[in-house]
Amino acid sequence: MDNNKLKKLNGYHVVFLVQNSMIGLGLLSLPQQMSSMGYSQWWLPIMFGVIANLSLIPMIWIVKRYPKDNIFTINEKLVGKWLGKLLNIVLILYLILFISSILEGYLDLIQIVALPDRTIITPLVFFFSVLLYVVHGGIKSIARFCIISFFLTGWMALFLYWPISHGDISHLIPVSNFTWKEFLTASRNGYYSMVGYELILVFFPYIINQQKAFRQASIGVWITVFFYLAVTIVSVMYFSEWQMTEVLYPILKLFQEVELSFAERIDVMGISLWVMLLLSTSAAYLWASKKGMDSLRANNKTYHMYIMAILIFIFINIPFSKEFQEMLYDRVFYVKFAIILWPNILILLHLIRSGRKRAKS
Amino acid sequence: MRRFVFLTVFLCLVFVSGCSGELKPSSVEDVALVNVLGIDYIDDNRMQLTLAVPQPSVVGPTQTYSTESSLIKEGIVAISSQADKEIKLNGLRIVLIDEEFAQSGKLWDVVEHLYRNPVIGGKVLIVVVKESAKDMLEQEYPGKAGIVTYLNDLLKPKPHNMFNPYTSIHDFIYTQTNPVMDTVTPYLELKEEKVEITGVALFKEKRAIGVLNREQGQLIKILQGAKRLPATTITVNEEIQTREQVVVDFVDSDVHFKSNKDINNPVLDITLKLKGTLYEYQGDKDLSNSDDFAQLEKEIRDFMHSEVTALLADLKEKNTDPVGLSENFRKYHHGRWSEELTDKVTQNAEYRVHVKMQVLATGTIR
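Residue numbers (the working numbering), protein chains in the order written: chain A, -8 to 352; chain B, 1224 to 1589.
Hints may be right or wrong, so weigh each one.
[Unchecked claim] Restraint-style ranges between C-beta atoms, simulated for each label pair:
(1) 1432/B - 316/A: 29 to 37 Å
(2) 1252/B - 103/A: 25 to 33 Å
(3) 1339/B - 254/A: 19 to 27 Å
(4) 157/A - 1490/B: 28 to 36 Å
(5) 260/A - 1521/B: 50 to 58 Å
(6) 304/A - 1252/B: 32 to 40 Å
(7) 1484/B - 304/A: 55 to 63 Å
(8) 1234/B - 316/A: 30 to 38 Å
Calculated from the structure, these hints are not laboratory results. Even glycine gets a Cβ: it sits at the ideal position worked out from N, Cα and C.
With the hints as extra help, turn the sequences into a complete structure.
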């Protein structure tokens, strides 16, 4: 086995790790998030793809300069030990908050759709057992899990056939029927679903062929864009603008349109299968937060993962008020935005540092 | 040792979870799965709620429960206290609405409640009934397996009732909230010991405003782009001496709209391409003669043209648009589209109907 080797992720692993850490809870409500643009929203995923791809460039650039370090170590090296650690603490808190927000969102949905007369604590415990099991195997185990969850859930795109045949393609025009304000609101809310690819900052040292990492990560990003685009176009065809604004989980309603002679309520099955996507996303994030903890304490211990998991579990079960929660999860967006832009600052610091070094020598 | 601990914990989790009282689900015997929901108008604040639950054949065909309430959930709670089983809406298939309730404009609240409820599937049909939904559900139907099965079979898509719009909850919400469209639903009548789909209920915004007959329902389906339609009887000449009757089965139809993109002087070209086979013909024409055949094709074309034109004039007069004709103007319009713009377009529109008819076959004899 390759447990003792540092480099263990091949090209496929990178593609699906990037792709599956992006698709999670976000896709379930993506058309609703972008509803301020009405029917004209359908092309936004393409723009998101371009932005994501562009923002990958500085990420890969900086990690290539430090091929054996992840973002946490790079922070400490470039910003300084204490400031770096402080930043890392913020990053870890963000990761905990992010995992909590997606898990809570998904469990709420499961409670509404699949298990209306039960409390959510038991499914949560089961979810955590599987999550810990996956993360326990390290990044390669997560990458393999991402591949399997892609194949277990990707085929559900076929269910879009029914809403397509029921929808009206003329909703796709006019393409530019929106104001700047609507466009900015939709982009801000929609881009929330795109994040996840920034985890490459953490798992980059594990990639076997680091030279090709950018290409592989880009393929992952564009697979995600393909799914987002498909769902958004079909939603625009199938729903009225009112429905796009009011229906919280449009995919649920799209699945309800499916008519099969041998199965009913495909929506419940689809939402239950979605757990694979949630598991792969949260496993990648949990692993990243564990790596953050490792770098904070300067040692690599398995129990760091359990501490993280317990913190997330506690956080989900603290009865915050709905307003506070929404405010908190909304603020997480700005942290995400900062993380995506952060590599640019790091590049600047790196250039200053190497300039100084050169001047000294 | 680790493996032993893991196995023990795993087995405990799997097998002991069944002992949890909280996880105990209701068994099928204890649940009354409502299949048809009937709503009748009492006054502006109250409605008569009737639930039909299919029974196992040994017990009886159908069980119905009825109560008065102002909200759906309130009614179901009230019915639960008279029912011997737990009432569940998970198996709901059909919602029957009496005409008066549909006219009152309160139907939106009911359907929105059902649309919000995640246990209810998206395929539930909304149907308007002429008199009382309660009477329809409680009536005995000799020779039928019970109202639930009867209605489900009746409202299943079949080649001969393709005029039926099959309005599901999604379709209802979609057409109600889409400013370019108005809602249509199937319209049922109780006739002695039978239920018949006699037409299509027509809405303007939230209220039902009238009923179209089956032929008009079929034309709406053609204009909405339906491909396959049931056989239609066409009377070519009304005068008794020269009267001709043709039954045409439309095997393929296609519709194409072209607007002038001007909402101030709207002009819409509607091109219908119909292909059909002749089922039956009564008249003096010799169908093996190409001139007669071409003449008949022309007559059918003229008939369809006049029918479509008359329907569009009727819809214009009623100020409603179930086809969504104004979509052909919305898609070229910048800015938010509203009901007012739809009204403006449909009221001022000039419709130019073009029909292309092709008779493919006339049966196996000359």
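- What hint numbers does the structure not satisfy? Going through the list in order, the structure violates hint 1 alone and respects the others.
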